[in-house]
Amino acid sequence: AQSVTQLDSQVPVFEEAPVELRCNYSSSVSVYLFWYVQYPNQGLQLLLKYLSGSTLVESINGFEAEFNKSQTSFHLRKPSVHISDTAEYFCAVSAYRGTYKYIFGTGTRLKVLA
Amino acid sequence: DGGITQSPKYLFRKEGQNVTLSCEQNLNHDAMYWYRQDPGQGLRLIYYSQIVNDFQKGDIAEGYSVSREKKESFPLTVTSAQKNPTAFYLCASSSGTVLTGELFFGEGSRLTVL
Numbered sequence: 001a002q003s004v005t006q007l008d009s010q011v012p013v014f015e016e017a018p019v020e021l022r023c024n025y026s027s028s029v030s031v032y033l034f035w036y037v038q039y040p041n042q043g044l045q046l047l048l049k050y051l052s053g054s055t056l057v058e059s060i061n062g063f064e065a066e067f068n069k070s071q072t073s074f075h076l077r078k079p080s081v082h083i084s085d086t087a088e089y090f091c092a093v094s095a096y097r098g099t100y101k102y103i104f105g106t107g108t109r110l111k112v113l114a
Numbered sequence: 115d116g117g118i119t120q121s122p123k124y125l126f127r128k129e130g131q132n133v134t135l136s137c138e139q140n141l142n143h144d145a146m147y148w149y150r151q152d153p154g155q156g157l158r159l160i161y162y163s164q165i166v167n168d169f170q171k172g173d174i175a176e177g178y179s180v181s182r183e184k185k186e187s188f189p190l191t192v193t194s195a196q197k198n199p200t201a202f203y204l205c206a207s208s209s210g211t212v213l214t215g216e217l218f219f220g221e222g223s224r225l226t227v228l
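Protein chains in written order, with the numbering used here: chain A, 1 to 114; chain B, 115 to 228.
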């Protein structure tokens, strides 16, 4: 069965510093990979996704993630964070096991400090 | 504006009462989903529907029921059989059942059992 691991439940970082949120997955079949962001008391919004092609994918607000098949990872990075990036970030995989299904990680709460 | 509307945003319920959460979408999406979110546990799938008049149990369907009589609507009933119903409930939709694309989320309904 598929699984997604986000080892860091909370990541505090100072404004303008770089950040990496880690995501590892396991699956016996090919997967599609996603990062979603959730602001307080709101639903999730897609940040970026990897389906195929270039292993480096970018979002419009400066985040990027790299698919590493050998390490089964899809870590999310940003070179310089802003206060407004404070949110919870969820990694997810989609795979086919009779039907397509999303599996979400447990989330990483990013807190950007002034 | 197209999107998913969940109501109510906040709901309080006494033990032993059933409660229904509304989810409406005007995105013309075929598939709809209900997730439950608890702190530190990520999102867990309750029920999903890929087409009108059809729905499937997810990972934690016990104590919940759904219906899909219209394409736009996918209400969730939290029954008195659900032993720990206090949670944040998220409704989502997707344009197809092949999950290579985005899940669109509503803003959620927070249910508190008193």
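Please keep in mind that the hints were generated in silico from the structure rather than gathered at the bench.
Keep in mind that a hint or two might mislead.
Unchecked claim - DSSO-like, lysine-lysine: derived pairs with alpha carbons at most 30 Å apart:
{"#": "1", "chain 1": "A", "residue 1": "101", "chain 2": "B", "residue 2": "128"}
{"#": "2", "chain 1": "B", "residue 1": "123", "chain 2": "A", "residue 2": "111"}
{"#": "3", "chain 1": "B", "residue 1": "185", "chain 2": "A", "residue 2": "101"}
{"#": "4", "chain 1": "B", "residue 1": "197", "chain 2": "B", "residue 2": "128"}
{"#": "5", "chain 1": "A", "residue 1": "49", "chain 2": "B", "residue 2": "128"}
{"#": "6", "chain 1": "A", "residue 1": "101", "chain 2": "A", "residue 2": "69"}
{"#": "7", "chain 1": "A", "residue 1": "49", "chain 2": "B", "residue 2": "185"}
{"#": "8", "chain 1": "A", "residue 1": "111", "chain 2": "A", "residue 2": "69"}
{"#": "9", "chain 1": "A", "residue 1": "101", "chain 2": "B", "residue 2": "171"}
{"#": "10", "chain 1": "B", "residue 1": "185", "chain 2": "B", "residue 2": "171"}
{"#": "11", "chain 1": "A", "residue 1": "49", "chain 2": "A", "residue 2": "69"}
{"#": "12", "chain 1": "B", "residue 1": "185", "chain 2": "B", "residue 2": "123"}
{"#": "13", "chain 1": "B", "residue 1": "171", "chain 2": "B", "residue 2": "197"}
{"#": "14", "chain 1": "A", "residue 1": "49", "chain 2": "A", "residue 2": "101"}
{"#": "15", "chain 1": "B", "residue 1": "123", "chain 2": "B", "residue 2": "171"}
{"#": "16", "chain 1": "B", "residue 1": "171", "chain 2": "B", "residue 2": "128"}
{"#": "17", "chain 1": "A", "residue 1": "101", "chain 2": "B", "residue 2": "197"}
{"#": "18", "chain 1": "B", "residue 1": "197", "chain 2": "A", "residue 2": "49"}
{"#": "19", "chain 1": "A", "residue 1": "111", "chain 2": "A", "residue 2": "49"}
{"#": "20", "chain 1": "B", "residue 1": "128", "chain 2": "A", "residue 2": "69"}
Only a predicted model underlies this, so the values are computations on that prediction, with no experimental measurement involved.
Starting from residue 185(B), check that the Cα of residue 123(B) is at most 30 Å away, please.
-> holds, 22 Å
Is it true that the CA of residue 101(A) sits at most 30 Å from the CA of residue 171(B)?
-> Holds. Residue 101(A) to residue 171(B) sits at ~12 Å (cutoff 30 Å).
Within 30 Å, alpha carbon to alpha carbon, are residue 101(A) and residue 197(B)?
-> holds, 25 Å
Is the straight-line distance between the alpha-carbon of residue 49(A) and that of residue 128(B) 30 Å or less?
-> Not OK: residue 49(A) and residue 128(B) at ~41 Å, beyond 30 Å, violated.
Verify the proposed pairing of residue 111(A) with residue 69(A), using a straight-line Cα cut of 30 Å.
-> holds, 29 Å
Does residue 197(B) lie within 30 Å of residue 171(B) when you go C-alpha to C-alpha?
-> With a Cα-Cα distance of about 17 Å, the restraint between residue 171(B) and residue 197(B) holds, given a limit of 30 Å.
Pairwise hint evaluation, residue 101(A) against residue 185(B), where the allowed Cα distance is 30 Å at most | holds, 20 Å
Please work out if residue 49(A) and residue 69(A) have their alpha carbons no farther apart than 30 Å.
-> holds, 15 Å
Residue 128(B) paired with residue 69(A) [C-alpha distance capped at 30 Å] | Violated: residue 128(B) and residue 69(A) sit about 49 Å apart, past 30 Å.
Between residue 123(B) and residue 111(A), is the straight-line Cα distance small enough, at 30 Å or below?
-> holds, 25 Å
Within 30 Å, alpha carbon to alpha carbon, are residue 185(B) and residue 171(B)?
-> holds, 18 Å
Measure nothing beyond the straight line between the CA atoms of residue 197(B) and residue 49(A); if it is 30 Å or shorter, mark the hint as holding.
-> Not OK: residue 197(B) and residue 49(A) at ~36 Å, beyond 30 Å, violated.
Hint compliance for this structure: hints 1, 5, 18 and 20 are broken, all remaining hints hold.
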